[in-house]
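Protein chains: 2
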Amino acid sequence: MSLAAFLTPESHSTCRPVGASVLGQRLESPADIADITRRVWQDSMNVLQAPHIYSGVEMALWDLLGKRYEEPVYRLLGYDKAFAKQPYVVVPFAAVPEQTFERMRHIRQAGYRAVKTGWSGFGHGNIASDLSQLAAAREGLGADARLFIDAARIWGCDVVAAKRYCPLFDQFSIEWVEEPFDPTALNAYADFAAHHGRMRLAAGENIHSIQQAQQLLNIAGIGVIQIDCGRVGGIGAAKEIAQYADLRCARYINHTYTSHLALSASLQAYAGLERQDLCEYPMDPTSLSWSICREHLLVGGDGEVTIPNAPGLGITISLDDLQRYVVDLEIRIGRTTLYRTPSIR
Amino acid sequence: MSLAAFLTPESHSTCRPVGASVLGQRLESPADIADITRRVWQDSMNVLQAPHIYSGVEMALWDLLGKRYEEPVYRLLGYDKAFAKQPYVVVPFAAVPEQTFERMRHIRQAGYRAVKTGWSGFGHGNIASDLSQLAAAREGLGADARLFIDAARIWGCDVVAAKRYCPLFDQFSIEWVEEPFDPTALNAYADFAAHHGRMRLAAGENIHSIQQAQQLLNIAGIGVIQIDCGRVGGIGAAKEIAQYADLRCARYINHTYTSHLALSASLQAYAGLERQDLCEYPMDPTSLSWSICREHLLVGGDGEVTIPNAPGLGITISLDDLQRYVVDLEIRIGRTTLYRTPSIR
Numbered sequence: 001m002s003l004a005a006f007l008t009p010e011s012h013s014t015c016r017p018v019g020a021s022v023l024g025q026r027l028e029s030p031a032d033i034a035d036i037t038r039r040v041w042q043d044s045m046n047v048l049q050a051p052h053i054y055s056g057v058e059m060a061l062w063d064l065l066g067k068r069y070e071e072p073v074y075r076l077l078g079y080d081k082a083f084a085k086q087p088y089v090v091v092p093f094a095a096v097p098e099q100t101f102e103r104m105r106h107i108r109q110a111g112y113r114a115v116k117t118g119w120s121g122f123g124h125g126n127i128a129s130d131l132s133q134l135a136a137a138r139e140g141l142g143a144d145a146r147l148f149i150d151a152a153r154i155w156g157c158d159v160v161a162a163k164r165y166c167p168l169f170d171q172f173s174i175e176w177v178e179e180p181f182d183p184t185a186l187n188a189y190a191d192f193a194a195h196h197g198r199m200r201l202a203a204g205e206n207i208h209s210i211q212q213a214q215q216l217l218n219i220a221g222i223g224v225i226q227i228d229c230g231r232v233g234g235i236g237a238a239k240e241i242a243q244y245a246d247l248r249c250a251r252y253i254n255h256t257y258t259s260h261l262a263l264s265a266s267l268q269a270y271a272g273l274e275r276q277d278l279c280e281y282p283m284d285p286t287s288l289s290w291s292i293c294r295e296h297l298l299v300g301g302d303g304e305v306t307i308p309n310a311p312g313l314g315i316t317i318s319l320d321d322l323q324r325y326v327v328d329l330e331i332r333i334g335r336t337t338l339y340r341t342p343s344i345r
Numbered sequence: 001m002s003l004a005a006f007l008t009p010e011s012h013s014t015c016r017p018v019g020a021s022v023l024g025q026r027l028e029s030p031a032d033i034a035d036i037t038r039r040v041w042q043d044s045m046n047v048l049q050a051p052h053i054y055s056g057v058e059m060a061l062w063d064l065l066g067k068r069y070e071e072p073v074y075r076l077l078g079y080d081k082a083f084a085k086q087p088y089v090v091v092p093f094a095a096v097p098e099q100t101f102e103r104m105r106h107i108r109q110a111g112y113r114a115v116k117t118g119w120s121g122f123g124h125g126n127i128a129s130d131l132s133q134l135a136a137a138r139e140g141l142g143a144d145a146r147l148f149i150d151a152a153r154i155w156g157c158d159v160v161a162a163k164r165y166c167p168l169f170d171q172f173s174i175e176w177v178e179e180p181f182d183p184t185a186l187n188a189y190a191d192f193a194a195h196h197g198r199m200r201l202a203a204g205e206n207i208h209s210i211q212q213a214q215q216l217l218n219i220a221g222i223g224v225i226q227i228d229c230g231r232v233g234g235i236g237a238a239k240e241i242a243q244y245a246d247l248r249c250a251r252y253i254n255h256t257y258t259s260h261l262a263l264s265a266s267l268q269a270y271a272g273l274e275r276q277d278l279c280e281y282p283m284d285p286t287s288l289s290w291s292i293c294r295e296h297l298l299v300g301g302d303g304e305v306t307i308p309n310a311p312g313l314g315i316t317i318s319l320d321d322l323q324r325y326v327v328d329l330e331i332r333i334g335r336t337t338l339y340r341t342p343s344i345r
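These protein sequences, in sequence, are chains D and U. Letter 27 of the first sequence, counting from 1, is numbered 27 in the numbering used here, and no numbers are missing. Letter 224 of the second sequence, counting from 1, is numbered 224 in the numbering used here, and no numbers are missing.
Hint data in this document are derived by calculation from the structure and do not stem from the laboratory. No experiment lies behind these values; they were computed from the predicted model shown. A couple of the hints might just be wrong.
Only some residues are given here: those of chain U computed to face chain D with a beta carbon under 7 Å [stated by the list, open to error]:
id, residue
1, His-52
2, Ala-185
3, Ser-209
4, Gln-212
5, His-296
6, Val-299
7, Val-327
8, Glu-330
9, Ile-331
10, Ile-333
Yeah, the Cβ is synthetic: ideal placement off N, Cα and C, and Gly gets one too.
Generate the whole structure from the sequences, applying the supplied hints.
What follows is the structure, encoded as structure tokens:
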């Protein structure tokens with residue numbers, strides 16, 4: 001679908017394919033990336049999918065520029081150095097509390113000291129069952145681990161339903177609750193933040209503009225903003241949000257559950273912000289997204305993730321591994337082939 | 001691209017194709033449409049294009065239901081009667097003021113008494129040139145016609161730049177200015193509304209949720225909300241916004257520049273709201289969107305547009321005319337054809 005957003009022929013002047021604003025443009029400096037970004041925002045506004053596809057393109061532009069000048073992207077962004085981040089892993093509740101306990105104990109044994117869990121029915125209203133899951137997760141992880149809950153928009157805009165869970169969040173020392181509401185329900189967030197505390201309320205993965213991020217901080221009143229570099233418009237947009245959040249003493253975190261290429265791109269955006277010391281960390285060595293990257297941002301002996309001190313994003317794609325996952329896709333209009341999966345080697 | 005949003009195979013539980021929530025569902029009552037809508041919102045949230053494609057699907061669901069029960073859609077929505085609306089046409093500035101004058105005189109001679117104009121470079125900073133265009137439009141239309149300006153997001157979030165144009169808007173009795181800013185720049189709207197007046201500030205065509213509409217009214221402080229039924233989630237969402245706006249003494253208007261099928265769908269949403277007496281009216285008898293509809297919502301002798309008192313949306317598609325515009329599109333993944341333009345007769 002993102003390919004379609006990149007390729008679909010122009011409908012009218014504010015509904016141009018993303019590709020039309022990107023292909024053939026000059027790429028010699030960060031200012032060129034800013035120009036391309038402005039053009040995409042002006043001309044592809046009516047293509048709702050545009051921020052998604054452009055985010056991927058923009059990350060690639062930074063990687064290219066970094067490789068050309070032999071600098072890590074964070075340095076091109078103006079940061080002097082990159083501060084390591086404490087990783088938290090994302091592991092949903094298992095089907096039953098006993099399995100959740102085992103899952104969390106395994107995570108803890110693997111050395112992680114922070115976990116985000118949730119969904120699998122959490123929040124649907126069976127508080128006794130949700131309490132068992134939370135208790136199992138906390139017991140498996142130990143009292144000193146950091147524990148976060150992702151509510152996955154379960155309460156829509158129902159603040160009363162969400163508030164019913166606050167005693168559970170207190171009981172099991174849940175550091176924050178993520179996305180209790182629809183991402184555009186700013187008022188619901190504001191009400192809940194006033195009750196539960198802004199630093200205990202997180203959101204942001206679903207937004208797709210800098211302005212929306214500012215509104216989450218200013219109007220919705222959240223204190224923890226989680227930005228998906230692959231949806232918000234890329235590294236430039238993520239960096240602007242990170243700095244905005246940092247100035248307001250809010251917490252900025254990446255939202256990343258795919259590859260370490262995406263992880264590196266996400267971390268570049270706030271690499272130089274020392275106070276922003278946490279990161280979402282994808283760890284699934286069996287997955288497609290793991291195997292296509294030759295290098296990974298491994299957790300060091302100090303339990304922290306270091307941002308690559310290498311040109312661009314510092315990650316090489318393993319084309320052999322990627323090839324195994326390639327799917328032949330073809331989009332054809334009349335006799336014109338808009339897209340056909342290219343050879344990648 | 002919307003086809004891709006309807007069809008692209010599931011990525012994960014909150015990233016399902018729109019089709020998966022629609023196909024095979026029961027359709028016997030408005031409540032069934034509400035159920036389908038909830039499912040799409042819950043499961044396709046991560047497909048940013050989802051509101052676009054689902055809006056079209058939802059309109060079709062209402063049309064089907066109306067035809068089955070032999071009732072106009074507005075009656076299924078709970079309105080007793082449909083109030084006629086005063087149409088305004090959308091005609092951009094011509095390249096030079098002399099042509100703009102001719103264009104507007106022609107519109108006036110055709111019987112229209114309200115026009116939305118703008119873009120073609122308007123607002124880029126050449127105030128003398130913009131003044132000439134506005135003067136030509138006003139002269140061509142006559143002093144008693146209603147005149148609106150669409151600024152097409154030209155000032156981004158630069159309130160100072162927008163305010164510079166306020167004396168021009170006053171001089172030529174511009175009833176409101178539309179989208180001076182990026183649709184998510186709520187603060188810029190709020191600042192401008194405080195200066196220029198909320199009932200002289202319009203926006204909304206770009207939004208894609210009920211919550212965003214409420215924020216335009218409550219936070220951005222606009223007084224004129226223009227909703228595209230084909231982007232906001234369909235007739236149900238548009239109706240909810242219309243009623244919300246009406247209760248707050250704001251003005252609700254459809255945003256429609258394509259077919260009279262889309263026009264009828266848009267008008268159903270606020271048909272029964274007597275105070276909401278204006279509509280955006282597409283009139284281009286040479287276009288694709290005109291020719292594919294057998295019936296049109298013509299302007300009566302009283303200068304008003306009447307909503308069809310016929311089952312469903314009250315518009316029949318001319319399949320012969322549609323056939324002339326059909327393009328062969330094929331989307332193929334491996335050996336599976338996800339989509340191939342079907343025969344329409």
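Item to check | Numbered hints the structure breaks, given as an ascending list | outcome: 5, 6
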